[in-house]
Amino acid sequence: MTLSLEGVGADPVDLVKGVSLDISQGQCLGLVGESGAGKSLTAKAIVGLLPRGIDVTSGSIMVGGQPLTSSQVNWREIRGVLVGTIFQDPMSSLNPVMRIRTQVEEVIKAHLTLNRHERDQRVVELMEAVDLPGHKGFLSRYPHELSGGQQQRVAIAMAIACDPLLLIADEATTALDVRTQAQILKLLRSLVDDLGLSMLLVTHDMGVIAGVSDRLAVLYSGRVVERGRTPDVLSNPRHPYTSGLIESCPLDLKGGFRTEVRPIMGTAPIDAESIWDKCVYAPRCSRAESKCRGHSPPLEDFGELHSAACFYPLGDTPGAAMPEGSGEADTSPVPPSEPVLLTTAARLPGSPPQNGKEAEGVNDVIVQATGLSVSYREGRTFSYSRKAVPAVQEFDLELRKAETVAVVGESGSGKSTVARALIRLEPNNAVVEGRRQILGADLDELGRGALRGMRRRAQIIFQDPYGSLNPRRKVVDLLMEGPRAHNLESSNSPSDRAGQLLERVGLDPSFADRYPHQMSGGQRQRVAIARALSLEPQVLICDEPVSALDVSIQAQILELLASLAHQEGLAFVFITHDLGVMNMLADRVVVMKEGRTVETGMVEEVLARPNTRYTRELIQASLVAI
Amino acid sequence: MRLAPGDPVLAMYGGQIGVSLEELEAARERLGYNDPMLVQYGRWLSDIVRGDLGNSVVNGLPVEQVIAEKIWPSAQLAIVALILSVFIAVPGGVLAALRRGSLIDRFLTGFVSAGIAIPQFWLGIMLILVLAIQFQIFPASGYVSPVEGLGEWAMHIALPSLTLAITLAAPTARFVRSSMLDVLSEQFVDVAKAKGLSGRRVIWVHALRNALLPALTIVGLQAGTLMGGAVLIEWVFGFPGLGWLLVNAVTARDYPVLQASLLLFVTAFLLVNFLVDLFYRVLDPRLR
Chain V
22 MTLSLEGVGA
32 DPVDLVKGVS
42 LDISQGQCLG
52 LVGESGAGKS
62 LTAKAIVGLL
72 PRGIDVTSGS
82 IMVGGQPLTS
92 SQVNWREIRG
102 VLVGTIFQDP
112 MSSLNPVMRI
122 RTQVEEVIKA
132 HLTLNRHERD
142 QRVVELMEAV
152 DLPGHKGFLS
162 RYPHELSGGQ
172 QQRVAIAMAI
182 ACDPLLLIAD
192 EATTALDVRT
202 QAQILKLLRS
212 LVDDLGLSML
222 LVTHDMGVIA
232 GVSDRLAVLY
242 SGRVVERGRT
252 PDVLSNPRHP
262 YTSGLIESCP
272 LDLKGGFRTE
282 VRPIMGTAPI
292 DAESIWDKCV
302 YAPRCSRAES
312 KCRGHSPPLE
322 DFGELHSAAC
332 FYPLGDTPGA
342 AMPEGSGEAD
352 TSPVPPSEPV
362 LLTTAARLPG
372 SPPQNGKEAE
382 GVNDVIVQAT
392 GLSVSYREGR
402 TFSYSRKAVP
412 AVQEFDLELR
422 KAETVAVVGE
432 SGSGKSTVAR
442 ALIRLEPNNA
452 VVEGRRQILG
462 ADLDELGRGA
472 LRGMRRRAQI
482 IFQDPYGSLN
492 PRRKVVDLLM
502 EGPRAHNLES
512 SNSPSDRAGQ
522 LLERVGLDPS
532 FADRYPHQMS
542 GGQRQRVAIA
552 RALSLEPQVL
562 ICDEPVSALD
572 VSIQAQILEL
582 LASLAHQEGL
592 AFVFITHDLG
602 VMNMLADRVV
612 VMKEGRTVET
622 GMVEEVLARP
632 NTRYTRELIQ
642 ASLVAI
Chain R
1126 MRLAPGDPVL
1136 AMYGGQIGVS
1146 LEELEAARER
1156 LGYNDPMLVQ
1166 YGRWLSDIVR
1176 GDLGNSVVNG
1186 LPVEQVIAEK
1196 IWPSAQLAIV
1206 ALILSVFIAV
1216 PGGVLAALRR
1226 GSLIDRFLTG
1236 FVSAGIAIPQ
1246 FWLGIMLILV
1256 LAIQFQIFPA
1266 SGYVSPVEGL
1276 GEWAMHIALP
1286 SLTLAITLAA
1296 PTARFVRSSM
1306 LDVLSEQFVD
1316 VAKAKGLSGR
1326 RVIWVHALRN
1336 ALLPALTIVG
1346 LQAGTLMGGA
1356 VLIEWVFGFP
1366 GLGWLLVNAV
1376 TARDYPVLQA
1386 SLLLFVTAFL
1396 LVNFLVDLFY
1406 RVLDPRLR
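In order, the protein sequences belong to chains V and R.
Mapping the first sequence onto the working numbering, position 460 (from 1) lands on 481, and the numbers just tick up by one.
Mapping the second sequence onto the working numbering, position 206 (from 1) lands on 1331, and the numbers just tick up by one.
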């Protein structure tokens, strides 16, 4: 089966240009790229689901010998029959008001002529194929009664209901927890191997690509910059962007965690209009020469099936990912910085904090939680019900100066509840028991004024850099609001102080005059960090600060946070679902499951010798190997 | 109402010659209209609890009986108007959402603005002028019970219900359009298309059912209001319903009828909205 696709474009701007892909039967092609690279558009073009206003302007798409680009294509005979599609968010993939049986059955009804009995049988078969129970009780459930993993399995069942030739998985596992993600990926791979399906796996996650795909294509700004067999490309990337992506990934793709990342500087171009006559990656590339800015490099072959679009490709030495001076990129707003190597230097050597408690002065303890439990009461008309649903139980934490503790767990483990409860930001219907102290002061005993003073010492950074900045205020006002509220006197003018803060987080002081919508996600998150720093806190609580960001940007922010931890002696509480991120930043870790602490310890210890099955599963699910 | 000049007694004896001020005063005293407002209100409340709504000041009939006569026509009008409005609003809203920015969409936007801006009574009068007087298709006013003849009933109810339906459909259509646009951008619509379902099934089965949920609130609110009769429309079309009764009660300062009608409207409004909330649970499995 050949599938070639060239030029998906919206008049007058080409969004994706000259993309050629082919997938043979029983193979999985990974299409990897960051947001805005055009990977989803490419996938949607195949099934004719491009958003209004975007059309395929040149080139052709063939599936199983059938052209899908002419205007006479009867999509109803293609979709579901020839090509099955799975989308990102499993919850919104299913119609919330229809039973799952109906939703699976209607695909069969639409394409196959089976009688009622045969249809029922087929539904049960499909459920078995995706490891779901096929009994009546389960089939008559509604989507909201299933877990995320089950929902995605139902979506897969719908996609393979009529034995399509090609399965498109568009970020199909991105929204899932790490263990569920591993299971779904395994299922997808088994469909390819057992049913001989061809699969196009669209993702931003190098780890997913490495684990599942046979071949991969790297998309950057609407162009394929490199493609080849997955092991070849990952172990010996030729294009600087591919190499950068690999280096940005907190996993080392060989079955381990990295302790350092080398972020790609700068951000992907937003305005795609005038980039086609040069190398799209040149502005971020450290190897770029004048030729790169004047000509567009064609895909050149580097061995069997392996090609890359670069005038100055990386050499043959395996693992030599980035040339020297990789941090320097001329147009980058980020000052060049050395790759961060996180060593145990900042950790207390040989003395796990629990044991060293007596020896160290109590003053060193910045955050302390003892037996912290949080539960939520359901709202009633005039009050809250007495019955409370526990979210966190018996959480203990002791955080010292310059120490970073990671709280890891899957969704619903209560880790975000912990983040908020630590600084008394829990919602009104929460019942908090146990003690929480910052700098020795019990937060529940502080009066209003004292609590405000204490809040200054503990700042929080949230996941969503879009939601956490007031869109109607300039950066300078956002940054100076806190110091003003706390009367932090300074001889410098507000704009000078804002400028200094921005420089500390690697932004140009000129950003002070921008509004949040004039910045990229990574820049906003930097501003959110600067805002937290503006109050000169002693502890930063970070609730998934990088999970909404692209891989290359994520690495930049991780680097920034690490340098803050090292250079400024800040203490960190790092809430994350990502063990790779945890490993890079944290000294100690608290593993949570369903509100309870299941394991604590030094990061290396826990990773090397997990004590509980749950932690072991988490680690296994996180790791990938080519 | 009590602040307005005049009272039931004056209205009762209004125009009659030879009624002395003393007689009027005696009547007020007898009917209790000289007591303080709070006392009158307390008396009214305690009577209601005992199931006594009082008697009409105008004709002395029990209020229940006066209202019961008018409920039936009003309910028919409300139901017919609601059904008509839904049949105008839903297809209109869906089509506008499907062809966003097209002529249909712009026409609908115009219709919505007009429907909201044009006063009901004026629209009613215009319809009478054109359809009843100019072309003489429908009767201009009155009401015939369906028992007496279904055709006649339909002819008489057509104009008032059409007028109502047009003004009701405007906000509903806008709601259907916007919630349909929201739903159409949801992933499960893409998924349904990717499953190779027919366009008709994607829109009318997958999308519409979800899009109607928010619109149901609007229809529910409208139904609640309508249960109290369409005051102006009934008056314009001389339609003997609750609204018409209300206007007459106001003119005659018929406090017992007026108060009982208002009580009925409020109760009906609450009841209908309660039913709508229950209905939601049927339609949306997530709320169960």
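Hint data in this document are derived by calculation from the structure and do not stem from the laboratory.
We put the beta carbon where it would ideally sit given N, CA and C, even for glycine.
Hints are supplied without guarantee of correctness; some may be wrong.
[As the list claims (entries may be wrong)] No more than 20 Å apart at the CA atoms, straight line, and that leaves these computed lysine to any residue pairs for SDA-like:
no. : chain 1 : residue 1 : chain 2 : residue 2
1   : V       : K130      : V       : G86
2   : V       : K422      : V       : Y487
3   : V       : K157      : R       : P1410
4   : V       : K207      : R       : W1329
5   : V       : K422      : V       : K207
6   : V       : K157      : R       : W1329
7   : V       : K130      : R       : P1410
8   : V       : K130      : R       : R1326
9   : V       : K422      : V       : S432
[Claimed, not checked] Pair ranges (Cβ atoms, derived):
no. : chain 1 : residue 1 : chain 2 : residue 2 : range
10  : R       : E1273     : V       : Q93       : 57 to 67 Å
11  : R       : W1329     : V       : G488      : 55 to 65 Å
12  : R       : L1400     : V       : T391      : 30 to 40 Å
Here is how each hint holds up against the structure:
no.: 1; hint: V:K130 to V:G86; result: 25 Å, violated
no.: 2; hint: V:K422 to V:Y487; result: 30 Å, violated
no.: 3; hint: V:K157 to R:P1410; result: 17 Å, holds
no.: 4; hint: V:K207 to R:W1329; result: 36 Å, violated
no.: 5; hint: V:K422 to V:K207; result: 42 Å, violated
no.: 6; hint: V:K157 to R:W1329; result: 26 Å, violated
no.: 7; hint: V:K130 to R:P1410; result: 24 Å, violated
no.: 8; hint: V:K130 to R:R1326; result: 12 Å, holds
no.: 9; hint: V:K422 to V:S432; result: 28 Å, violated
no.: 10; hint: R:E1273 to V:Q93: 57 to 67 Å; result: 59 Å, holds
no.: 11; hint: R:W1329 to V:G488: 55 to 65 Å; result: 35 Å, violated
no.: 12; hint: R:L1400 to V:T391: 30 to 40 Å; result: 52 Å, violated
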